[in-house]
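Work the whole structure out from these sequences, hints included.
Chains as they are written, first to last, in my numbering: chain A, 1 to 192; chain B, 193 to 404; chain C, 405 to 586.
Treat the hints with care, since some could be wrong.
[Stated by the list, open to error] With a straight-line cut-off of 25 Å between C-alpha atoms, the simulated DMTMM-like cross-links for lysine to aspartate or glutamate are: (1) K570(C) <-> E15(A); (2) K570(C) <-> D10(A); (3) K468(C) <-> D27(A); (4) K468(C) <-> E454(C); (5) K566(C) <-> E547(C); (6) K119(A) <-> D27(A); (7) K570(C) <-> E548(C); (8) K468(C) <-> E41(A); (9) K259(B) <-> D163(A); (10) K259(B) <-> D129(A); (11) K119(A) <-> E33(A); (12) K566(C) <-> D131(A); (13) K566(C) <-> D117(A); (14) K570(C) <-> D6(A); (15) K259(B) <-> E247(B); (16) K570(C) <-> E7(A); (17) K566(C) <-> E552(C); (18) K566(C) <-> D6(A); (19) K468(C) <-> D536(C); (20) K259(B) <-> D237(B); (21) K119(A) <-> D129(A); (22) K259(B) <-> D276(B); (23) K570(C) <-> E553(C); (24) K570(C) <-> D536(C); (25) K570(C) <-> E552(C); (26) K259(B) <-> D225(B); (27) K468(C) <-> E553(C); (28) K566(C) <-> E7(A); (29) K566(C) <-> D536(C); (30) K259(B) <-> D131(A); (31) K570(C) <-> E556(C); (32) K468(C) <-> D6(A); (33) K259(B) <-> D305(B); (34) K119(A) <-> D423(C); (35) K259(B) <-> D180(A); (36) K259(B) <-> D117(A); (37) K566(C) <-> E556(C).
[As the list claims (entries may be wrong)] Just so you have them, the derived chain B footprint on chain A, three or more residues with Cβ under 8 Å: (38) 118-132; (39) 153-162.
Hints listed in this document are in silico derivations from the structure and should not be mistaken for laboratory results. As the structure is a prediction and not an experimental result, all values here were calculated from the model. Cβ atoms here follow ideal geometry from the backbone N, Cα and C, with glycine treated the same way.
Here is how the chains run, residue by residue.
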Amino acid sequence: MREERDELIDRIAAELRVVPPLDPALDARIMAEVATLPAHEPGGVGAAVRWLARPLTLRVSPIAGLALAAGVAALLLWTGVFSRRDTVALETPAAAPGILLAHQGRSTVQFVLVSPDAKTVTLVGDFNDWDAAATPLHRAQAGAWSVAVQLVPGRHRYAFIVDGVRWIADPTAPPAPDDDFGSPGSVVTVGA
Amino acid sequence: MTASKTLLIAAALLAVTAVPSVAQDARLARRLDAATYAQVQGELDSARLAGLPTEPLVERALEGASKNAAGPRIVAAVHRLAGDLASARRALGETSTTAELEGGASALRAGADSAALTELRHSRPRRQLTVPLAVLADLVARGVPADTAARFVVSLAPASDEQLVMFQRNVERDIALGAPPIAAAAVRMTGVTGLTSGDAAPGPQASPPRKP
Amino acid sequence: MHIADSDDAVLVRRVLAGDTRAYSALVARHRVRLTRYAVRMLGDPADAEEALQDAFVRAFRSLKRCEDPARFSAWLFRILVNRCRTIGGQRGRRERLVMSTAITPEPGVPHPEDRAAWREAIEWALARLAPDYREAFVLKHVEELSYEEMAELTGAGISALKMRVKRACDQLRTLLSEVQRA
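As structure tokens, then:
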């Protein structure tokens, strides 16, 4: 079949190849969800069996080759990279910021910040007297920090403090433009 | 009313609100310098006398303290918020909840008109306005002009809070993906069940858009 | 070696070894191209975002089943293609964001609106195609895959794919040549 190309098709394709604008918070949301999943387990019998089953291309004698294969497989089983299983203090069910509807007078909101290089992350807002020591986030997998907080109905302003000094707004939440003090902040609203 | 009666009433009001104010005083005293503390207390006393909620004012002062703001700036912020809460109460009514007043204050600060808030109250006389006010303020924060945002939210007032939340999230996502804010809000309004803007219609269009 | 410098195979193996953080580099690396496909297929940015998030999370969950980590990109893309088919089928594309509705060209106004209107017309025309024609067109002419790659991705035969691409092109020409003449 003749290949279908002409100037119009080329123009259409060129226009469609322009990448549409991205939601800057999408990566963070993806990793926040990935962070709630169990990490993959390194090594394991299955992996070793698959490794052994692959053809080897070592130029050694057959007997030496088999011995080498078995030895390396055993080493892999023993020294695989094991991830730290961080305990994440999450209350379920929890929702992401924005506007939420309360259940029985309160709503549990999960605050998440992806910040792989941070050493500490804390949450400050009008629900904890903007106290930098009151609500630390817990580090989960993949540099995602999180904490779940119960909020009463109303409009709550908040921010994250990274490493005790850097105030940042929540990239996944509406901004709080009515700031009197020149620092970035975000808003979460819990409906009655 | 005589001066002595005025003083008695003021003293009674202060006494009634004294218990929570002691707790507020302690939080402020720990975080503010003496001069700022005294001035903020003055603002809180005025707010109490006017019947306005004081917790939002305390939180605004504590926010300033956390951000190491200068005393005068903290006092100005508290004073400004008190004014916004009073304006919100005039627009939304005397029986408004603290959450509604805070939402109204944010909407007014964002540029919404008092008349729009009053119209919102009339559109939803027996239901809480916390969510619609939040949607209004958030739309403006995202770039929808205040009068347009107010018109959208007022016409969406009959919708449930769940529908309003979904509307706001969809608009937010669309804007983040590059849609002009007004267009995003207008299109998403047609997705709210039972409500139409009368403008953009959902579904495939019958004819192609005109190239200018 | 910094995470960002590692190729896909290295990153996949690190994730499988328990280093979930390495997955964020894979997301950052592939998200742009996958966004383009999802938005072009589904039209609605919210649907596209859902498809993207689903695809990346599913890929993480089933990463052990990626038989050749060096071909992670193609494996991930297949997951996204299937997610787009599912979401597109469920939603029936009921609501499409028309990005340029608010733009009303005025006499004497310079040309930026022309480009926006042309893009809007293309998006409109693409949305009018049957899903399998649209899929074939986007994979062939936007993502620039070979028919062999498309066959592996979609499970359809090469002849069928060529027919779909041809029909898609014919329909787009019909729909858009009128716009061009306007």
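To see whether the hints hold, each was checked on the structure:
1. The suggested pairing of K570(C) with E15(A) holds, with an alpha-carbon distance near 19 Å, which does not exceed 25 Å.
2. With a CA separation close to 14 Å, the supplied pair K570(C) and D10(A) stays within the 25 Å bound.
3. Proposed proximity of K468(C) and D27(A) is supported: the alpha carbons are some 22 Å apart, at most 25 Å.
4. Annotation: proposed proximity of K468(C) to E454(C) holds, straight-line Cα distance about 23 Å (limit 25 Å).
5. Proximity of K566(C) to E547(C) is assessed by CA-CA distance (about 15 Å); at most 25 Å being required, the pair is judged to hold.
6. About 21 Å separates the Cα atoms of K119(A) and D27(A), which keeps this hinted pair within 25 Å; it holds.
7. With a C-alpha separation of about 15 Å, the suggested pair K570(C) and E548(C) falls inside the 25 Å cut-off, and the hint holds.
8. Only pairs whose Cα atoms come within 25 Å are accepted, and K468(C) paired with E41(A) is accepted, the gap being roughly 10 Å.
9. The suggested pairing of K259(B) with D163(A) holds, with an alpha-carbon distance near 15 Å, which does not exceed 25 Å.
10. Taking the CA atoms of K259(B) and D129(A), the gap is about 12 Å. The hint holds against a cut of 25 Å.
11. With a CA separation close to 21 Å, the supplied pair K119(A) and E33(A) stays within the 25 Å bound.
12. For the given pair, K566(C) sits about 63 Å from D131(A) by alpha-carbon distance, which is inconsistent with the 25 Å threshold.
13. A C-alpha spacing of about 49 Å is found between K566(C) and D117(A), which places the hinted pair above 25 Å, so the restraint is violated.
14. Restraint check for K570(C) and D6(A): the C-alpha separation of about 12 Å stays at or below 25 Å, so the hint holds.
15. Taking the CA atoms of K259(B) and E247(B), the gap is near 18 Å; set against the 25 Å cutoff, the hint holds.
16. For the hint linking K570(C) to E7(A), the alpha-carbon distance of about 15 Å falls within 25 Å, and the restraint holds.
17. At most 25 Å may separate the alpha-carbon atoms for a hinted pair to count; K566(C) and E552(C) meet this at roughly 11 Å.
18. For the given pair, K566(C) sits about 16 Å from D6(A) by alpha-carbon distance, which is consistent with the 25 Å threshold.
19. For the given pair, K468(C) sits about 30 Å from D536(C) by alpha-carbon distance, which is inconsistent with the 25 Å threshold.
20. Of the pairs offered as hints, the one joining K259(B) and D237(B) holds, with about 24 Å between alpha carbons and a cut-off of 25 Å not exceeded.
21. Only pairs whose Cα atoms come within 25 Å are accepted, and K119(A) paired with D129(A) is accepted, the gap being roughly 23 Å.
22. Straight-line distance between C-alpha atoms of K259(B) and D276(B) comes to about 22 Å, which keeps the hinted pair within the 25 Å bound.
23. For a cut-off of 25 Å, the pair hint linking K570(C) to E553(C) stands: about 17 Å separates their Cα positions.
24. With a CA separation close to 12 Å, the supplied pair K570(C) and D536(C) stays within the 25 Å bound.
25. Under the criterion of a C-alpha separation no larger than 25 Å, the hint pairing K570(C) with E552(C) is consistent with the structure, at around 16 Å.
26. For the given pair, K259(B) sits about 14 Å from D225(B) by alpha-carbon distance, which is consistent with the 25 Å threshold.
27. Restraint check for K468(C) and E553(C): the C-alpha separation of about 22 Å stays at or below 25 Å, so the hint holds.
28. With a C-alpha separation of about 19 Å, the suggested pair K566(C) and E7(A) falls inside the 25 Å cut-off, and the hint holds.
29. Between K566(C) and D536(C), the direct Cα distance comes to roughly 12 Å. Compliance with the 25 Å bound is thereby established for this hinted pair.
30. Annotation: proposed proximity of K259(B) to D131(A) holds, straight-line Cα distance about 10 Å (limit 25 Å).
31. A hinted pair counts as satisfied when its Cα atoms are at most 25 Å apart, and K570(C) with E556(C) qualifies at roughly 19 Å.
32. Distance restraint check for K468(C) and D6(A): the Cα-Cα separation of roughly 43 Å exceeds the 25 Å cut-off, and the hinted pair is therefore not satisfied.
33. For the given pair, K259(B) sits about 30 Å from D305(B) by alpha-carbon distance, which is inconsistent with the 25 Å threshold.
34. A hinted pair counts as satisfied when its Cα atoms are at most 25 Å apart, and K119(A) with D423(C) qualifies at roughly 18 Å.
35. For the proposed pair K259(B) and D180(A), the alpha carbon gap of about 10 Å is at most 25 Å, so the pair holds.
36. Of the pairs offered as hints, the one joining K259(B) and D117(A) holds, with about 23 Å between alpha carbons and a cut-off of 25 Å not exceeded.
37. Among the hinted pairs, K566(C) with E556(C) is consistent with the structure: their alpha-carbon atoms are about 14 Å apart, no more than 25 Å.
38. Restraint check on the stretch 118-132 of chain A versus chain B: 6 residues with Cβ-Cβ distances below 8 Å, three needed, restraint holds.
39. Proximity of the stretch 153-162 of chain A to chain B, defined as three or more residues with a beta carbon under 8 Å from a beta carbon of that chain, is established by the 4 residues found.
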